[in-house]
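Participant: Residues per chain, in single letters:
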Amino acid sequence: MADFLSFSHISKTYPGVRALSDVSFGVAKGSVHGLIGENGAGKSTLIRILSGDTSADSGEIAIDGATQTFSSTRDAFAAGVVVVHQELQLVPELTVAENLRLGRFPNRAGIIDFRSLKEEVNRRLKDIGLTVDADTKVAKLSLGERQMIEIAKAIMLDARVIALDEPTSSLSSQESEVLFRIIGELRAAGKVIVYISHRLDEIFRLCDGCTVLRDGKLAAHHVSMADVTRDSLVSEMVGREISDIWGWRGRPVGEVRLKVEALSGAKLPRPIDFEARAGEIVGFFGLVGSGRSELMRIVYGADPRHSGKVTIDGADSSGASPRRSIREGLVLCSEDRKFDGIIQGLSVGENIVVSARRHFSPFGVLSPKREADTAAEFIKQLRIRTPSAKQEIVNLSGGNQQKVLLARWLAETDIKVLIVDEPTRGIDVGAKAEIYELLYNLAEKGLAIVVVSSELPEVMGISDRVVVMCEGRIAARYDRAEFNEHAILASALPDRTAGEPNKKAS
Amino acid sequence: MAFLKRLLLGEQGLLVIFVIAFAAVSIFVPSFLTERNMLGLFQSVVTIGIVSCTMMFCLASRDFDLSVGSIVAFTGMVAVMASNASGSIIVGLIAALACGTFVGFVNGAIIAKLKINALITTLATMQIVRGLALISSDGRAVGINDPGFYQLALSRFLGIPTPIWIMVILFCLFGFVLNRSVFGRNTLAIGGNPEASRLAGVNVDGMRIWIFTIQGLVCAVAGILLASRITSGQPNAATGLELSAISACVLGGVSLAGGRAAMVGVIVGVLILGIAENAMNLLNIQAFYQYLVRGLILLLAVLLDNVRSTGLGRK
Numbered sequence: 001m002a003d004f005l006s007f008s009h010i011s012k013t014y015p016g017v018r019a020l021s022d023v024s025f026g027v028a029k030g031s032v033h034g035l036i037g038e039n040g041a042g043k044s045t046l047i048r049i050l051s052g053d054t055s056a057d058s059g060e061i062a063i064d065g066a067t068q069t070f071s072s073t074r075d076a077f078a079a080g081v082v083v084v085h086q087e088l089q090l091v092p093e094l095t096v097a098e099n100l101r102l103g104r105f106p107n108r109a110g111i112i113d114f115r116s117l118k119e120e121v122n123r124r125l126k127d128i129g130l131t132v133d134a135d136t137k138v139a140k141l142s143l144g145e146r147q148m149i150e151i152a153k154a155i156m157l158d159a160r161v162i163a164l165d166e167p168t169s170s171l172s173s174q175e176s177e178v179l180f181r182i183i184g185e186l187r188a189a190g191k192v193i194v195y196i197s198h199r200l201d202e203i204f205r206l207c208d209g210c211t212v213l214r215d216g217k218l219a220a221h222h223v224s225m226a227d228v229t230r231d232s233l234v235s236e237m238v239g240r241e242i243s244d245i246w247g248w249r250g251r252p253v254g255e256v257r258l259k260v261e262a263l264s265g266a267k268l269p270r271p272i273d274f275e276a277r278a279g280e281i282v283g284f285f286g287l288v289g290s291g292r293s294e295l296m297r298i299v300y301g302a303d304p305r306h307s308g309k310v311t312i313d314g315a316d317s318s319g320a321s322p323r324r325s326i327r328e329g330l331v332l333c334s335e336d337r338k339f340d341g342i343i344q345g346l347s348v349g350e351n352i353v354v355s356a357r358r359h360f361s362p363f364g365v366l367s368p369k370r371e372a373d374t375a376a377e378f379i380k381q382l383r384i385r386t387p388s389a390k391q392e393i394v395n396l397s398g399g400n401q402q403k404v405l406l407a408r409w410l411a412e413t414d415i416k417v418l419i420v421d422e423p424t425r426g427i428d429v430g431a432k433a434e435i436y437e438l439l440y441n442l443a444e445k446g447l448a449i450v451v452v453s454s455e456l457p458e459v460m461g462i463s464d465r466v467v468v469m470c471e472g473r474i475a476a477r478y479d480r481a482e483f484n485e486h487a488i489l490a491s492a493l494p495d496r497t498a499g500e501p502n503k504k505a506s
Numbered sequence: 001m002a003f004l005k006r007l008l009l010g011e012q013g014l015l016v017i018f019v020i021a022f023a024a025v026s027i028f029v030p031s032f033l034t035e036r037n038m039l040g041l042f043q044s045v046v047t048i049g050i051v052s053c054t055m056m057f058c059l060a061s062r063d064f065d066l067s068v069g070s071i072v073a074f075t076g077m078v079a080v081m082a083s084n085a086s087g088s089i090i091v092g093l094i095a096a097l098a099c100g101t102f103v104g105f106v107n108g109a110i111i112a113k114l115k116i117n118a119l120i121t122t123l124a125t126m127q128i129v130r131g132l133a134l135i136s137s138d139g140r141a142v143g144i145n146d147p148g149f150y151q152l153a154l155s156r157f158l159g160i161p162t163p164i165w166i167m168v169i170l171f172c173l174f175g176f177v178l179n180r181s182v183f184g185r186n187t188l189a190i191g192g193n194p195e196a197s198r199l200a201g202v203n204v205d206g207m208r209i210w211i212f213t214i215q216g217l218v219c220a221v222a223g224i225l226l227a228s229r230i231t232s233g234q235p236n237a238a239t240g241l242e243l244s245a246i247s248a249c250v251l252g253g254v255s256l257a258g259g260r261a262a263m264v265g266v267i268v269g270v271l272i273l274g275i276a277e278n279a280m281n282l283l284n285i286q287a288f289y290q291y292l293v294r295g296l297i298l299l300l301a302v303l304l305d306n307v308r309s310t311g312l313g314r315k
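In order, the protein sequence lines correspond to chains A and B.
Under our numbering, residue 506 is the last one in the first sequence; the count climbs by one each step, no gaps.
Under our numbering, residue 315 is the last one in the second sequence; the count climbs by one each step, no gaps.
Honestly, the hints are just simulated from the structure, not real lab data.
Keep in mind that this is a model prediction, so the values were computed, not measured.
Mixed in with the good hints, there may be bad ones.
As the list claims (entries may be wrong) - Partner residues are not named here, just some residues of chain B that face chain A (Cβ under 7 Å, in silico):
#, residue
1, V25
2, R180
3, R185
4, A200
5, G201
6, R260
7, V264
Stated by the list, open to error - Calculated pairs, BS3-like style, for lysine-lysine (alpha carbon to alpha carbon, straight line, at most 30 Å):
#, chain 1, residue 1, chain 2, residue 2
8, A, K126, A, K137
9, A, K140, B, K113
10, A, K140, A, K118
11, A, K445, A, K259
12, B, K5, A, K445
13, A, K126, A, K29
Claimed, not checked - These stretches of chain A come out as covered by chain B in the derived footprint (C-beta under 8 Å, 3 or more residues):
#, region
14, 71-82
15, 378-387
Glycine included, C-beta positions come from ideal geometry on N, C-alpha and C.
Can you build the whole structure from these sequences, using the hints too?
Facilitator: Given below as C-alpha cells:
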C-alpha cells in the first residue's frame, strides 16, 4: 500500500544545531504511527514542519501523493493536517463550542447562530463520546478534558492527518482510555495519526508502526511492531558512538556539603532525598517534565518548600528565597538563560558583577574600579569571548553567555554548592568542552556540583554519580562504575504497566 | 455565613454588593431616591458610561486606550466649531464623528500594524489630540451659535433626556455585540489567548484596528453630547476620563489581562462610581474627597476580584 503521508529527505538546521538531517519515512492510511526519540532527537522540529509552523531547509512532505508546501499553520489546516500541541491552544474564557469553531463561527451578518453552533458541537462531541456540555467555559474543564477538546478541534476540522504530541502527559488513566478509544476510531475512519510519546507502553499498545529519531537522523523505521521490543527501541534511541569530549577525570571526594532530606513542594508532592559531597559532580537525568528543574528550584528557594530539610555544610538552609540561599553559599544557574539568567540590556561586565557587587560597594555606592577588575578577571579566567566588558550580553554566543552566568556565581566569594540546570543547552561542542573543564576545576576546588541535564551522554560523561528522576520521584541512582546508557534511560522512561522502577532506588 | 460568602464571591457578587449599596444610600441619604436626582445621576454618568462600552472591548482584547478623554474634548470642539462655521448642526456632527473615528483608526493601525505598545501609542495620541483641541480653540471655550445644538442634550423622550436614551441604547447594543456577535467573541478570544486565536484563523490585527476605530467613533458621540450639555466646546473637558472609564470596567469585572468582560458588570461599575459621587454631593462632602473615595472603591473591587478568583481556584 502506498504511503498516505510521506516525509522525504527532510533537513533543517538552526543556528549551530543540525536539528534534522535527511529524514525520510512514510505512513499508511488508516494507521497510527509512533514517533519516538530522546529529547532533542528532532521530533518536535519534524512536527513543527508538519504543522506549517516552520519550514524545512530541504526535502518535502507529501499527502496522498500530492507534494505540500506549508508556509503557515493555516495552509496545513487547509491540507487537512492538524497538530495537537502539548501546550494547549484554547481560550479559557470562551465556551467549548466557541473554542471548537473559533475563527469559523456559523453566523448571519456577523451575528453568531448559537443554536446551530451548539447543535453541531453537541452532536460532534457525542459522536466522539465526550460528555462535556458545549456551553461550559473551557476554564472550568480539567486538563484532561481540555486535551480532549483540543483533539475534538482536530476532528471538527476534518483533518486527514492528526499529530498528537505527548497527548497523555496531563491525562489520568481513565482519560487516557477515552483518548485511546478515539484514536482507534480515527484509525478505523482512515485517518493518519502520528503519535509522539515517551511512554513506550503506549507506543506498543496503539501504534501499527513507529519511527525512531536520534540526533536528527532516522535511527529506525518499523512498518510493523511485530518484531520490536522495548529493549530494541531503547537501543535504537541511544545507540550512538560516544566520542570523548567529556574529559572526565577522577578527583578526591570529601565531606557532604549539600544534604537534601524529604524535600517536597507544590509540583513535587513526593519527598525526595539526595546529597552532594565536596569535589563531587552529581548528574541529574530525567526526561522533560520529570521534575528535575522543579526540585532544584525548591532547593534554591525559588519555589516554596512544603516540607523537608536542606543543609549546607551541616547548617540548615531555610530555602526562603534565592537571596538567602546565595548568602548561605548555594547558587543555581537556571535552565532558561533567556528568561531567568542573563539580564538583557546590561553589559557583559554588569552581568558578571550584578550579584557580587554588594561585597565591594560600601553603603551601596558602586566601585567602578573593582567592578571592572572583577569582570576583567573572570573574562580572562573563563575565556569569555567578548570584545570588551562593555559589550552588551545579548551579542554574545550562547556558550559565552553561559560562561558569564557561571562567572556571576564564581564572583560570589563563598560558594559551597553550585547547581547548574542544562548548562550546555544550545551550545556548540567546543564551548561545551570548556564548560565541562570549568566544572571540573570548580569541583577540584572543593565545591559540590549538581548538573541537571536531559542529555544522557552529557550526564554520563561528566558526572561522578547519576540520579535519575521520573515523574516527580527518584527512579534510580548509579555510581560511575555502574553507568550504562541502556539502564539509565530505561529507568527514566515512565512505565505504567510496571509498578516498580527498573533499578531499585538505593 | 457560608451563604453570605457564596453570595458575595459568586459570579454575581458585584451585583449583590451594588444592590446593597444602592439600598443603603437610598435609605440614609435624603432626597437620593427622587426622580429628579435619579435623572441627574444618570445624566452625570452619560460620558463615562458611553466611553466604558468600547473601553470594555479594548481591555477585553488585552489592549488599553488612554486617549479617550482627549478624543471626547476634541470631537466636542470639532462639533461646535464646524457647526458654527458651516451654519449646519448636521455638518458639525458628521465632522465630529469623522474626526473621532479617524483618531481611533490611527490608534488601532499603529498598535496592530506597527506593533507599538498600546499604552505608549495612546499616551502619545492623548497628548496630540488634546493639543489639537487647545490649538484649534486657542485654549478658550467656544460657544455655540445655533441654540438648536442645546436640544441634543435638553430634548426628552418619554420624560427622559436624550443622552440617557443614547447611553442605554449603546449599553444594549454593545452588550449584544459582546455576547452574540462574531466580533464580540473574537474580541474575547484574542484577549484570552492571542496565539490560539491566530492559529484558529482569527484576523487579530484587523480586530484590533476595528476595536480602536469604534472606540474613537463612540468617544465622538460622547463628545458631542457633552458639548451640547455644557453648551460649548471646552478644550479641557473630560480630563481624567480615561482613568474613570478603566476604573468602571475593572469594577465591573473586566480583566486587564484580557479575555474577560461583561456588559452588566461594566454598567454596574459605571453606576457605582456615579452613585458615590452623587451621594457625596448630596451630603455636601467636599469634592476633593471624591478622588479618595473613588480610589478606595477601585482598590476594594480589585481585592474582591482577587479573593474571588483564588477562592475559585482552590475549590
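Participant: Hint by hint, say whether it matches the structure.
Facilitator: Hints and how they fare:
1. V25: violated (32 Å)
2. R180: Since chain A brings a Cβ to about 6 Å from B:R180, closer than 7 Å, the hint holds.
3. R185: holds (6 Å)
4. A200: holds (4 Å)
5. G201: holds (4 Å)
6. R260: holds (5 Å)
7. V264: violated (16 Å)
8. A:K126 - A:K137: Given pair A:K126, A:K137 holds - Cα atoms ~18 Å apart, limit 30 Å.
9. A:K140 - B:K113: violated (34 Å)
10. A:K140 - A:K118: Satisfied, since the Cα-Cα distance of roughly 18 Å is no more than 30 Å.
11. A:K445 - A:K259: Status holds; Cα separation ~19 Å.
12. B:K5 - A:K445: Not satisfied, since the Cα-Cα distance of roughly 60 Å exceeds 30 Å.
13. A:K126 - A:K29: This hinted pair holds, its Cα atoms lying about 25 Å apart.
14. 71-82: This one holds; 3 residues, not fewer than the three required, reach chain B with a Cβ under 8 Å.
15. 378-387: violated (count 0)
In summary, the structure is inconsistent with hints 1, 7, 9, 12 and 15 from the numbered list given earlier, while agreeing with the others.
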